[in-house]
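Q: Sequence:
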Amino acid sequence: METTDMNSRISTLTIDLDRINDFRKSQTSLLSAASDDGSSQTTERLLMRQNTCHMNNINNYYYSKKMPLEGSYAIWNNRGGSGKTNLTYHLAIKYAYKNPDKTVLVVDMCPQADLSHAFLGDDEEGHDYVSQIGSLKKNPMILDGQQLIPRTISGYLDLYTSVGLPNNVDPRTFLFNVSKFNNQLPRNVYLLCGDTSLELLGKAMDLKRSSTTITPYTNAWRTITQSLRVFVHKIGERRGIKLMTFIDTNSSFNIATEIALTAADRIILPVSEDHLHRNGFEYLFSLLYGFSQPSSIYSYYRHYSFYYRADENGVKLPKIHLILCKASPINKESKLGISSNSLPKAEEIENCWHFVYDIYTKHRDAFEIHSNEKISPRPSSSSSSTNDQHSSYSFNNHINNLIQIETFEEFMRQYVMHISNETNVVSRIAVKSHSPLLAVKHPHHSHEYQSNAQTFDKTLNDIVERI
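Counting the sequence shown from 1 gives a position; this note's numbering is that position plus 35.
If you are wondering where the hints come from, they were derived from the structure by calculation, not from laboratory data.
From the three backbone atoms N, C-alpha and C, an ideal C-beta is built for every residue, glycine too.
Treat each hint with caution, since some may be false.
[Unchecked claim] Taking lysine-lysine and the DSSO-like style, the derived pairs with C-alpha atoms no more than 30 Å apart in a straight line are:
id	residue 1	residue 2
1	Lys467	Lys133
2	Lys467	Lys173
3	Lys133	Lys238
4	Lys277	Lys215
[What the hints assert, rightly or not] With beta-carbon atoms standing in for the labels, derived distance ranges:
id	residue 1	residue 2	range
5	Lys397	Tyr343	14 to 24 Å
6	Ala239	Asp205	19 to 29 Å
7	His453	Glu347	29 to 39 Å
The task is simple: from the sequences and hints, build the whole structure.
A: Structure (structure tokens):
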């Protein structure tokens, strides 16, 4: 890193910290004035919301300047069958097509490795390419002229958690350019291949993470938990690379999922309307953030929880960026619910969303703050201004453009998107055919497929516009 660049970043951070102090002073003055007319309670709530936005913006701003990434997203839900793999596949392809100047890294952190199979398909003899890579029959990496390492997520994690990443190993050697396996796919998509041995390796990593004797690291828990994050940022540090990362995850909340989530800055959460229950969201938030712990036993064993250990070890947790809800196949027309006795009613579903909104109002720092627009330059004027004044304008302009969510309806518009069941079906067909969404040649019901595919393609465009 160049000295001038580092000095610039330190200067920027110093200016921002000064603004935090000024911001707090203005809050104190406003609260004091409000107490005279009896409105202090309402004003205090408003200022707390503004302060949360301001502090999160400072953190996100400095973090984005420090880390060489366009963005990193984990597609996660602790329930199986929610469409994580399908969404990761299509989202990575769509983003790559719309941003040909950027490098799209896709990481398969699910032990089933379905995402990798969708990208790589079979070899020339009809054998599953993913299993051949994992078993060293195809494309092994040779370390120090003798040791064979599979070019998979398991190969990387096994190496990193045992001895670290040697200086002579370029992390890019673990990646596959998916267009070389399938010329229908964009040329700027690179895959860190999945591996069916990941679950077994996870047990070994968990043991290492909790040990003080069998790893070379001072803080084994933090180092192993952030092992994938290190990989992602080493790729992003390459000169000239603009890196966007999408990570497919497992529904089981094990060490592999924890490693995947801490490698991302944001979460896209796919859910299904026919599985929408308050208890499900309550459990999801408790797993990752420690909110709404449902069991009294938790108070005794909380120091074993992931969020507790992450906080204890200074590991950054990702923020929820978007919740993508697949509509029920029974109630195709309704935006809220369905009318089957075996599935949630409209009222139950709406109550569930209100519960999520309640979580949001209490824990806004767990959600990514959305902005109306990027920082824009100050309009030119006849009077001269200093660089600090220009910086102050740009920063404050960005603060003002942060979306202030005050109602349930605003929350739903900003954080929740709905997908019809028909579009979910066509997404699965495309994945199975190893093709981009609109490139599938479906022999049956081709007109219906194309119509639904175009609808889903529009949804993907909308998602990409938000990231």
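Q: Is 29 to 39 Å respected by the C-beta to C-beta distance linking His453 and Glu347?
A: At roughly 38 Å between Cβ atoms, Glu347 and His453 fall inside 29 to 39 Å, so the hint holds.
Q: Check the hint pairing Lys467 with Lys133 against an upper bound of 30 Å on the C-alpha distance.
A: holds, 23 Å
Q: For the pair Ala239 and Asp205, does the Cβ-Cβ distance stay inside 19 to 29 Å?
A: Since Ala239 and Asp205 have Cβ atoms about 25 Å apart, the given range 19 to 29 Å holds.
Q: Taken at face value, is the distance from the CA of Lys173 to the CA of Lys467 at most 30 Å?
A: holds, 22 Å
Q: Check the following: the C-beta atoms of Lys397 and Tyr343 are separated by a distance inside 14 to 24 Å.
A: holds, 18 Å
Q: Are Lys277 and Lys215 close enough, with their CA atoms no more than 30 Å apart?
A: Satisfied, since the Cα-Cα distance of roughly 21 Å is no more than 30 Å.
Q: Given the hinted pair Lys133 and Lys238, is their alpha-carbon gap at most 30 Å?
A: violated, 39 Å
When held up to the earlier numbered hints, the structure conflicts with hint 3 and nothing else.
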